[in-house]
Amino acid sequence: GAGVSQSPRYKVAKRGQDVALRCDPISGHVSLFWYQQALGQGPEFLTYFQNEAQLDKSGLPSDRFFAERPEGSVSTLKIQRTQQEDSAVYLCASSFSYRANTGELFFGEGSRLTVL
Amino acid sequence: SQKIEQNSEALNIQEGKTATLTCNYTNYSPAYLQWYRQDPGRGPVFLLLIRENEKEKRKERLKVTFDTTLKQSLFHITASQPADSATYLCALVDGNDMRFGAGTRLTVKP
Numbered sequence: 134g135a136g137v138s139q140s141p142r143y144k145v146a147k148r149g150q151d152v153a154l155r156c157d158p159i160s161g162h163v164s165l166f167w168y169q170q171a172l173g174q175g176p177e178f179l180t181y182f183q184n185e186a187q188l189d190k191s192g193l194p195s196d197r198f199f200a201e202r203p204e205g206s207v208s209t210l211k212i213q214r215t216q217q218e219d220s221a222v223y224l225c226a227s228s229f230s231y232r233a234n235t236g237e238l239f240f241g242e243g244s245r246l247t248v249l
Numbered sequence: 007s008q009k010i011e012q013n014s015e016a017l018n019i020q021e022g023k024t025a026t027l028t029c030n031y032t033n034y035s036p037a038y039l040q041w042y043r044q045d046p047g048r049g050p051v052f053l054l055l056i057r058e059n060e061k062e063k064r065k066e067r068l069k070v071t072f073d074t075t076l077k078q079s080l081f082h083i084t085a086s087q088p089a090d091s092a093t094y095l096c097a098l099v100d101g102n103d104m105r106f107g108a109g110t111r112l113t114v115k116p
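Chains A and B supply the protein sequences, listed in that same order. Residues are numbered in the numbering used here as their position in the first sequence, beginning at 1, plus a constant of 133. Residues are numbered in the numbering used here as their position in the second sequence, beginning at 1, plus a constant of 6.
By construction, these hints were calculated from the structure, which means they are not laboratory data. It cannot be assumed that every hint is accurate.
Stated by the list, open to error - What follows is a list of derived Cβ distance ranges for each label pair:
(1) Ser230/A x Arg64/B: 21 to 27 Å
(2) Ser230/A x Tyr34/B: 41 to 47 Å
(3) Leu249/A x Ser91/B: 28 to 34 Å
(4) Pro141/A x Ala85/B: 35 to 41 Å
(5) Arg148/A x Glu66/B: 44 to 50 Å
To be verified - Here are some, though not all, of the chain A residues that point toward chain B, as calculated from beta-carbon distances under 7 Å:
(6) Gln174
(7) Pro176
(8) Phe178
(9) Ala221
(10) Leu224
(11) Phe240
(12) Glu242
(13) Gly243
Claimed, not checked - Result set (DSSO-like, lysine-lysine): computed pairs, CA atoms no more than 30 Å apart in a straight line:
(14) Lys9/B x Lys211/A
(15) Lys144/A x Lys211/A
(16) Lys190/A x Lys9/B
(17) Lys77/B x Lys190/A
Computed from a predicted model, the values in this text were never measured in an experiment. No residue lacks a Cβ here, since even glycine has one placed at the ideal position from N, Cα and C.
My request is simple: use the sequences and hints to build the entire structure.
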């Protein structure tokens, strides 16, 4: 596709359920980022992949959050035992650059998670 | 602690005027700074990138400055239009990570 694709766009989960959010980056982009954006706030960094390698996961808020990119393209963000504070928009972004600082990020439209 | 602060949550201006948005940072040494636009319900869209050795960058009606001494970037939209109404995010690149400010919501009134 022409852009970064995320699915589902909207997800409602009951507290305690596991959810999986998918990101399909632009073909050939080596860098992939996940961000969490609460209402009225800027995106908060979660994790960064360079191809299939997860180089930074310092932003993941707890061990309930797990991300993978096994073949260096599609990525999945998994949240186990969801809590209400996990409600947010989860944004995926990709870049052709090996390092974030040399290229713009292309964002998907986000996955809005609501935990009841 | 590290902080990225954008001057205000909201800025209202009249059509045709220049909008000036501020991004201040502490305890970062960014090599690059970027500005993004975000519309409601959409992902951020890249606007401009400025490097630490560049003082100013322009693109059409947009101008960005970067002062590493003041630890500040200014983002200007000249001859503003209602279609410029959106949230504008500054982002610092430090190492492999890009960190965002909370954004400033700009409303341009006709």
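Structure-based check of all given hints:
no.	hint	verdict
1	Ser230/A x Arg64/B: 21 to 27 Å	holds (23 Å)
2	Ser230/A x Tyr34/B: 41 to 47 Å	violated (19 Å)
3	Leu249/A x Ser91/B: 28 to 34 Å	holds (32 Å)
4	Pro141/A x Ala85/B: 35 to 41 Å	holds (40 Å)
5	Arg148/A x Glu66/B: 44 to 50 Å	holds (47 Å)
6	Gln174	holds (5 Å)
7	Pro176	holds (5 Å)
8	Phe178	holds (6 Å)
9	Ala221	violated (14 Å)
10	Leu224	holds (6 Å)
11	Phe240	holds (3 Å)
12	Glu242	holds (5 Å)
13	Gly243	holds (6 Å)
14	Lys9/B x Lys211/A	holds (28 Å)
15	Lys144/A x Lys211/A	holds (13 Å)
16	Lys190/A x Lys9/B	holds (19 Å)
17	Lys77/B x Lys190/A	holds (27 Å)
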